[in-house]
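2 protein chains.
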Amino acid sequence: MSLLVVGSVAFDALETPSGRVERTLGGAATYFALAASFFAPVRLVGVVGDDFTSRDAAAFRGRRIDLRGLERARGKSFFWAGRYSDDLSSRVTLATELNVFADFQPKLPLAYRDSRYLFLANIQPTLQLSVLGQLRKRPRLVALDTMNYWIERTPVELRNTLRRTDVLMINDEETRQLAGRRNLLAAAEQILKMGPSTLVIKRGEFGAMMVSGKGVFSVPGYTLRDPRDPTGAGDAFAGGFMGALAASGRVNPDAFRRAIIYGSVLGSFAVERIGVERLRRLTRKEINARARELQRQVRFLL
Amino acid sequence: MSLLVVGSVAFDALETPSGRVERTLGGAATYFALAASFFAPVRLVGVVGDDFTSRDAAAFRGRRIDLRGLERARGKSFFWAGRYSDDLSSRVTLATELNVFADFQPKLPLAYRDSRYLFLANIQPTLQLSVLGQLRKRPRLVALDTMNYWIERTPVELRNTLRRTDVLMINDEETRQLAGRRNLLAAAEQILKMGPSTLVIKRGEFGAMMVSGKGVFSVPGYTLRDPRDPTGAGDAFAGGFMGALAASGRVNPDAFRRAIIYGSVLGSFAVERIGVERLRRLTRKEINARARELQRQVRFLL
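Taken in order, these protein sequences are the chains called A and B.
Just so we're aligned: 18 in this note's numbering is position 18 of the first sequence, and the numbers increase by one with no gaps anywhere.
Just so we're aligned: 1210 in this note's numbering is position 210 of the second sequence, and the numbers increase by one with no gaps anywhere.
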């Protein structure tokens, strides 16, 4: 089924304990699309500047990623620079240069307007909402990411967008902040009153939790031997999740749980190398093997 | 099968966001014994002072807890006072008064010397080792807890004790500290070379991980709606774990995984009220219901 992602395509400068890069392809839509394309064809809407070359586009080539919605604008692409702590548990932003992304207005090509699965990566909530208006009919599933910045600065706009969202995918701190509640379950229940029928809480190395009217589903993190760069892990998670759902064509509880597993798997791979390097070299066989390993790691009999 | 615990019986003063108590029964062996007694008869070795009254002993009565090994000494019982942060994620120790516990030398009653399952709660490693010497034959399973204090101050003694240990049960920071490695898997593998064939890593609200030659088993935390006091949660976990193993009479991978689940369940209940209050009111029916709920929360199909 048709899967559309709207979000950033960017260049990142990354400083990690295991190395640094000055300029590498990044952005939420990039990580999402690479991850999701293992499962289903992906349509991408975003904007890049004239510094985005054919060599940069190579990351997308040979995959089921449709770039007709990737606008080229005059100027530089979105640039982000960050430095991670020794244990990768925290990071500082060294630079955020929005550049062409500052004036980004998502415009869906005609061919995208029948998309049935939609992921709205972390951008201004009103822009997220504007995407829904461009679709011919309501998608089967609308999933959304957001961040503390929008929770604090555009709460009304975010609430409007949430009312038309099926799945909200955020981390634990964002969950607590959005709900104004410390307890994660209480916070989740509060958020389920805002519109989303499902909340997916990403907890980094500690795994993920999904809360809906059907109850709680939890998966522990897949423990890595040599994690290197958490950049984009949440977007790779979202890509695995939405890709698996779009491929299955189902939106029942079993399909959602399975999607969380593939999200966890893609997120875990993303962390294994700096930037998108690991996702670029990943195979479907490796994905399946890790999903089965995760299954072996959590199974038990009472 | 006979299950023996050696460790502290104490009084605690607890300051938590949801209330404070000036003097309540605590100590590692107390939490362990209460939790384990739901599964198997428990023999307890510890020491209390003459301030330990029949009313204090009431917590153990009516349960399968043998107190013949609980020595009474002149003086005051071990006393610990602590204060938790608002989100319960950290605590400060306000007072540690060892009192009669300072001279504690574990002495096993004759009737205990055939014990087949042994849990050595967090005490000085040489004292832990001295218990093994008092048993008629090597137990079927020796499990051990320790802490940063012993890892730093008595590394040689701890290594000696670890060589005769089957299961080490510690938290993630202790795992990293003991192994001198940041990565949890690398640290676990290092520790498996020190003697234990199984490492159980307790991760608080994030669950638990078990690493052995048979691979990794992970369980996410059971998310509580209203956690109140983490004191003793790790010992209640150990009690559920060892109790389930002793009751099963098996030491195979499936039995270990099942034991981790019951450990998680007992740990989660311990946190629901201040001190041992929740464990005292707990029923086996509630334990089974939560174990099944945890199972429902983690099941998925690929």
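FYI, nobody ran anything at the bench for these hints, they're computed from the structure.
None of these values were measured; they are calculated from a predicted model.
Positions of the beta carbon are idealized from the N, C-alpha and C atoms, including for glycine.
Take these hints with a grain of salt, some might be off.
[As the list claims (entries may be wrong)] Label pairs and their computed distance ranges (CB to CB):
id	chain 1	residue 1	chain 2	residue 2	range
1	B	Arg-1182	A	Val-251	35 to 43 Å
2	B	Gly-1075	A	Pro-253	40 to 48 Å
3	A	Asp-51	B	Ser-1018	53 to 61 Å
4	A	Thr-154	B	Arg-1163	29 to 37 Å
Hint check results:
Between Arg-1182 of chain B and Val-251 of chain A, the C-beta spacing of about 40 Å keeps the proposed range 35 to 43 Å intact. Between Gly-1075 of chain B and Pro-253 of chain A the beta carbons are some 58 Å apart, a value that contradicts the proposed interval 40 to 48 Å. Against the hinted window of 53 to 61 Å, the Cβ-Cβ separation of Asp-51 of chain A and Ser-1018 of chain B comes to about 55 Å, which satisfies the hint. For Thr-154 of chain A and Arg-1163 of chain B, the Cβ-Cβ distance of about 60 Å falls outside the hinted range of 29 to 37 Å, so the restraint is violated.
In summary, the structure is inconsistent with hints 2, 4 from the numbered list given earlier, while agreeing with the others.
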